[in-house]
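Trainee: Letter by letter, the chains look like this.
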Amino acid sequence: MTVRSYREALHDALRTELRRDESVFLLGEEIGRFEGSYKITAGLLDEFGPKRVRDTPIAEEGFTGAAVGAAMLGLRPVVEIMTINFSLLALDQIVNHAAKVYGMFGGQARVPMVIRTPGGGGQQLGATHSQNVELYYAFVPGMKVVAPSDPADAKALLLAAIRDDDPVLVLENLALYNTRGEVPDHDEPAPIGTARITRTGTDITLVAYSRMAAVALQVAERLAETDGIDAEVVDLRSLRPLDRDTVVASVRKTNCAVVLEDDWLTYGIGAEVAATISDGAFDWLDAPVRRVAMAEVPLPYAKPLETAALPSADDAIAAVRQTLDAVARRR
Amino acid sequence: MPTSTSAPRRRRRPPTNPAADDAQLLAFYRQMVLVRRFEERAARAYTEARIGGYCHLNLGEEATVAGLAAALDPTDYLFATYREHGYALARGIAPERVMAELYGRTDGVSGGWGGSMHMFDADTRFMGGYGIVGGQVPLATGAALAIEYRGGGEAVVCLLGDGTTNIGAFHESLNLAALWHLPIVYVIVNNGLGMGTTVEQASAEPELHRRAAAYRMDSARVDGNDPTAVYDAVRTALAGARAGRPYLLETVSGRLKGHSVVDPAKYRSRAEAAALAAADPVAAYAVRLHGAGLLTDELIAEIDADATATVAAAADFAEHSPHPDVSTLFDHTYATPVPNDARRLPGEPLFPVPANGVPA
Ligand SMILES: Cc1ncc(C[n+]2csc(CCOP(=O)(O)OP(=O)(O)O)c2C)c(N)n1
Ligand SMILES: [Mg+2]
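If you're matching them up, the sequences are chains A and B in order.
Counting in UniProt numbering, the first sequence runs from 1 upward without gaps.
Counting in UniProt numbering, the second sequence runs from 1 upward without gaps.
Do not rely on the hints blindly, as some may be mistaken.
[As the list claims (entries may be wrong)] Listed below are the simulated DSS-like cross-link pairs for lysine-lysine, each with C-alpha atoms no more than 30 Å apart in a straight line:
hint, chain 1, residue 1, chain 2, residue 2
1, A, LYS39, A, LYS51
2, A, LYS51, A, LYS100
3, A, LYS100, B, LYS266
4, B, LYS266, A, LYS39
5, B, LYS257, A, LYS39
6, B, LYS266, A, LYS253
7, A, LYS39, A, LYS303
Worth flagging that the hints you see were computed from the coordinates, not collected in a lab.
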């Protein structure tokens, strides 16, 4: 084990795969000479050269589509899209081609590509630069979407994504890049499609992914200290496929749940989780499943408005307390 | 149709008396100095954490700002990029309101909702800065369509960066404009870089104005460090646009600092940075006007003091303008009120359970 930042863990995974497999190459805006907008690819151009670390013009639709095509011939492109907001320019190529080629041609062609892209608000970047639209991709059969919340998973899931024969979108998060944690020294990929219990508990289940899964852990620790509440945290880490069994098993044990998400509430990822709990743990539930999500507005620039619109640890704590109050009244 | 670097059908500026011309030359200088001081003040406020988010400055672009803005009629529309503070000022928006937007306050041009990248002002027909690269280009094309549709004499000027010419929407828009004979001038502000990538590294045709040839559109490249050259070129382009011939103009200038305030621009060599500083358009223009006898040392100092005072007042105003109240968070989701709009803060439940626990 070595303590690494989320940023370094992603970098390590890219470097490992570039060294291991000649067919892996990186492309994206400013990833080479500029070393990446968020410096994930720092040093890789020097080490692997411009053939393997390819700077692109600002042309998301073009280079993402080109990655699909290169993958169809067996290369393993890893595309960096500067933030998930700009992936919308490539939405067509991702949804209509990356996710379709395998099925539409009867399984004859594979698309072993990766799209790495960070989401996240909270940096006062305004309405178009603060969105969490991972749902758009998690909605689409044929896509795989993973959302690591700590450095160990960042490395292990990116390794898995690059080795996978399907298009995988790796959702990173601006607020997580500097977070640190223990990362195994080996290069074992994590299984895509499985959730992880990051804290065991008996009183309530917190379900989250990406940044909010890290927040959920902090919330659980605070609640243990202040309220003596023993929360279990389920880190989804894979949004498609979704590991419903792990979520349901946890709620069958705790009998209540709060879902934390950075995206919008209506039709969001949390809605799918809540529906899953309703399907799989209805008879075990002692309170409605609460969701804590971003306010449904184009995110304003002004700090007080932005802060109010984004889900916080305090919002989560309030939701947990209210849920447990409802449980107590029922029992 | 070949591109018209040689500018064959340039419309002569209406004959004006020399005094008025001198006034315009001085007005360019005042404008350039105001933009320079404003941007320096913005950079300072950013490092003092009074401004957040991304903050892209027009440092090095002042001559283009001044020449372009002066060439527009008041009824023309301007679409900008996220690098738009200077254009907002030059379009006539009060510096107080531009600065207040940077501070995210209620008196800001966008009420604190947009920030540095998203200024908008209907009164001056400043149709917005846009943070998505290329996002403004189809919108500006549509605005030109609206003018043509209604039959008006106005035109649209759409700013974009050199790097933005590689976005698909740029090409789609130029084709539409040419096909529909729209009254629009696309202005590529070529500052040599898109973040850290040079024009040559990103564009297979680095003479960007030549891209117009693919759409049989008139085009030209002009020295963006010379406000008079920019002014003349924009007037020429607008004359064509108003007659239904859209135009692609490329202005060439430098970006004196990083891509945004937080970018140390380490990818640029010392020599490059020094060369840029030596070609500083504000200083060069001052020398030129000085040589022509239009500027004296006293006047230079006076103009500078004026700009500094204006900018200080703007910062003071911004500092004292109120923050938007959280109760206004849901005010701008829909223009037409609609039942069941989700007006809920993150911690609020969909269906609140009453305190006594008994469902209603
Ligand atoms: C669609 C999209 N992709 C990427 C970005 C990130 N980005 C912001 S500015 C920029 C460079 C733009 O360069 P240029 O068009 O030359 O304008 P300049 O910043 O030099 O004024 C990039 C890549 C973005 N905002 N939108
Ligand atoms: Mg540029």
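Trainee: Which of the numbered hints above does this structure break?
Mentor: 3 and 6
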